[in-house]
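Colleague: Here are the chains, one letter per residue:
Number of protein chains: 2
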Amino acid sequence: MSDQPSTPLPAAGAELLGLLGCGQVFGFHTLADAAARSPFEQGVELALMSTDHLEGYRRTRQRIADAGLDADAVIAAHEPALQAFHERTSPADEFEALLKCYVGMGIAADFVREMAATLDDGTSAFVADVLSRPDTEPVAVPRLRQVLAADPVEAGRLALWGRRLMGEAMSQAMRVATDRPDLVQLMVGQDDLEGFNALVSRMTSQHSHRMRSIGLYP
Amino acid sequence: MSDQPSTPLPAAGAELLGLLGCGQVFGFHTLADAAARSPFEQGVELALMSTDHLEGYRRTRQRIADAGLDADAVIAAHEPALQAFHERTSPADEFEALLKCYVGMGIAADFVREMAATLDDGTSAFVADVLSRPDTEPVAVPRLRQVLAADPVEAGRLALWGRRLMGEAMSQAMRVATDRPDLVQLMVGQDDLEGFNALVSRMTSQHSHRMRSIGLYP
Chain A
1 MSDQPSTPLP
11 AAGAELLGLL
21 GCGQVFGFHT
31 LADAAARSPF
41 EQGVELALMS
51 TDHLEGYRRT
61 RQRIADAGLD
71 ADAVIAAHEP
81 ALQAFHERTS
91 PADEFEALLK
101 CYVGMGIAAD
111 FVREMAATLD
121 DGTSAFVADV
131 LSRPDTEPVA
141 VPRLRQVLAA
151 DPVEAGRLAL
161 WGRRLMGEAM
171 SQAMRVATDR
181 PDLVQLMVGQ
191 DDLEGFNALV
201 SRMTSQHSHR
211 MRSIGLYP
Chain B
1 MSDQPSTPLP
11 AAGAELLGLL
21 GCGQVFGFHT
31 LADAAARSPF
41 EQGVELALMS
51 TDHLEGYRRT
61 RQRIADAGLD
71 ADAVIAAHEP
81 ALQAFHERTS
91 PADEFEALLK
101 CYVGMGIAAD
111 FVREMAATLD
121 DGTSAFVADV
131 LSRPDTEPVA
141 VPRLRQVLAA
151 DPVEAGRLAL
161 WGRRLMGEAM
171 SQAMRVATDR
181 PDLVQLMVGQ
191 DDLEGFNALV
201 SRMTSQHSHR
211 MRSIGLYP
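Protein chains in written order, with my numbering: chain A, 1 to 218; chain B, 1 to 218.
Bound conformation, chain A alone (with noise of 0.2 Å):
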């Protein structure tokens, strides 16, 4: 297709990759939010984890530029998704958007790298490697656990919160694979619903223990 010498990225990839880029800008977007909501020390701390996800996102689009493909369409095609699952998911205090950090984001890349691991090495290797930057963990748990010790009240309004997290982000999820072919080939491809209940099930479990982490059941 193009003169320049390229990496060759099946179309599975393509799509993977152009999600993990548009997710890394939403994940700043997710991230400054809650870093304006903070204190200002923690506000510091967030925004500086913040800038990783631009350079996951600059490095996911160069890496989709050397397939010889247009980096910035293949990225924008997900907006809408995230776009959508962004808004649903807006928080109205610092608590909800460290809660959005933490699980939520969590969840995103659980999805991405799950999916990615059916893919070739190079590719599956690269999306772990701008998923593996600094986790908010450090920040949001120790805070989270803080505020629910002080006030058990909130404790019934975060779970929920978190309820809303998963389902919104699973919902979404389903709606990309649904819409994306080559998405749902990674998904199931290489086996079919049992394959499929068995990633729910490792993502279930994954979101359980981030909820516990902070003292909250699932």
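Hints may be right or wrong, so weigh each one.
Said to hold, decoys possible - Negatives, chain A to chain B, calculated, CB over 10 Å:
#	residue
1	G43
2	A76
3	P134
4	P142
5	A149
6	S208
Claimed, not checked - Which residues of chain A face chain B? A few of them, derived with a C-beta cut under 8 Å, are:
#	residue
7	F28
8	D33
9	A36
10	F40
11	V44
12	A47
13	L48
14	T51
15	E79
16	A117
17	L119
18	L148
Hints were generated in silico from the structure; no laboratory data involved. C-beta atoms are modelled at their ideal positions from N, C-alpha and C, and glycine is treated no differently.
Guided by the hints, dock chain B onto chain A, whose structure is given.
Modeller: Leaving out everything else, chain B in the frame of chain A:
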């Protein structure tokens, strides 16, 4: 004071660097907020610019620490005043957010740059360098001109918003200067009311220039 070799920094310089460092963090928040309200591609551009501010924060914090001072405390001292400005100029939409980036942050940078000019050459050059990062002008100006050309009614609303940004910034600058004797000394130290009037006149002129570049009358 400190055992390790440190770069001496007079009290006024420390005050100004604290204001600069804190301002960089709020600059990040302002750009990230505008990015979140922007169409996808423009959002990415503004997000990438926001990271320059965190780099400016990091460098400023290091410079204060190199002088043997508690950099976090020196920076955090300015948080209440900047937070107050930030809250009083919370944008309602993308266009108010862009004007805040271009006009509001422009005024703030002018203010800090003016005061830095009265400091020793090293500190003054450092401040100018931190403030010399890419301007939001290439993003904000074409976008705002396009909006105003398509909808002249917006011009009235945004002209008012620009005046409000200027008014709040000046009132906040006065409060900062009044609450902090070392900064007052920077502003009027070399002279008196005349020097101060000249400063205000220069800032007003730069503000008018920015407003006119969008097609607004200040």
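Colleague: Now tell me, hint by hint, if it's right for this structure.
Modeller: Hint check:
{"no.": "1", "hint": "G43", "result": "violated (7 Å)"}
{"no.": "2", "hint": "A76", "result": "violated (6 Å)"}
{"no.": "3", "hint": "P134", "result": "holds (15 Å)"}
{"no.": "4", "hint": "P142", "result": "holds (18 Å)"}
{"no.": "5", "hint": "A149", "result": "holds (25 Å)"}
{"no.": "6", "hint": "S208", "result": "holds (30 Å)"}
{"no.": "7", "hint": "F28", "result": "holds (5 Å)"}
{"no.": "8", "hint": "D33", "result": "holds (7 Å)"}
{"no.": "9", "hint": "A36", "result": "holds (5 Å)"}
{"no.": "10", "hint": "F40", "result": "holds (5 Å)"}
{"no.": "11", "hint": "V44", "result": "holds (6 Å)"}
{"no.": "12", "hint": "A47", "result": "holds (5 Å)"}
{"no.": "13", "hint": "L48", "result": "holds (6 Å)"}
{"no.": "14", "hint": "T51", "result": "holds (4 Å)"}
{"no.": "15", "hint": "E79", "result": "holds (5 Å)"}
{"no.": "16", "hint": "A117", "result": "violated (28 Å)"}
{"no.": "17", "hint": "L119", "result": "violated (25 Å)"}
{"no.": "18", "hint": "L148", "result": "violated (26 Å)"}
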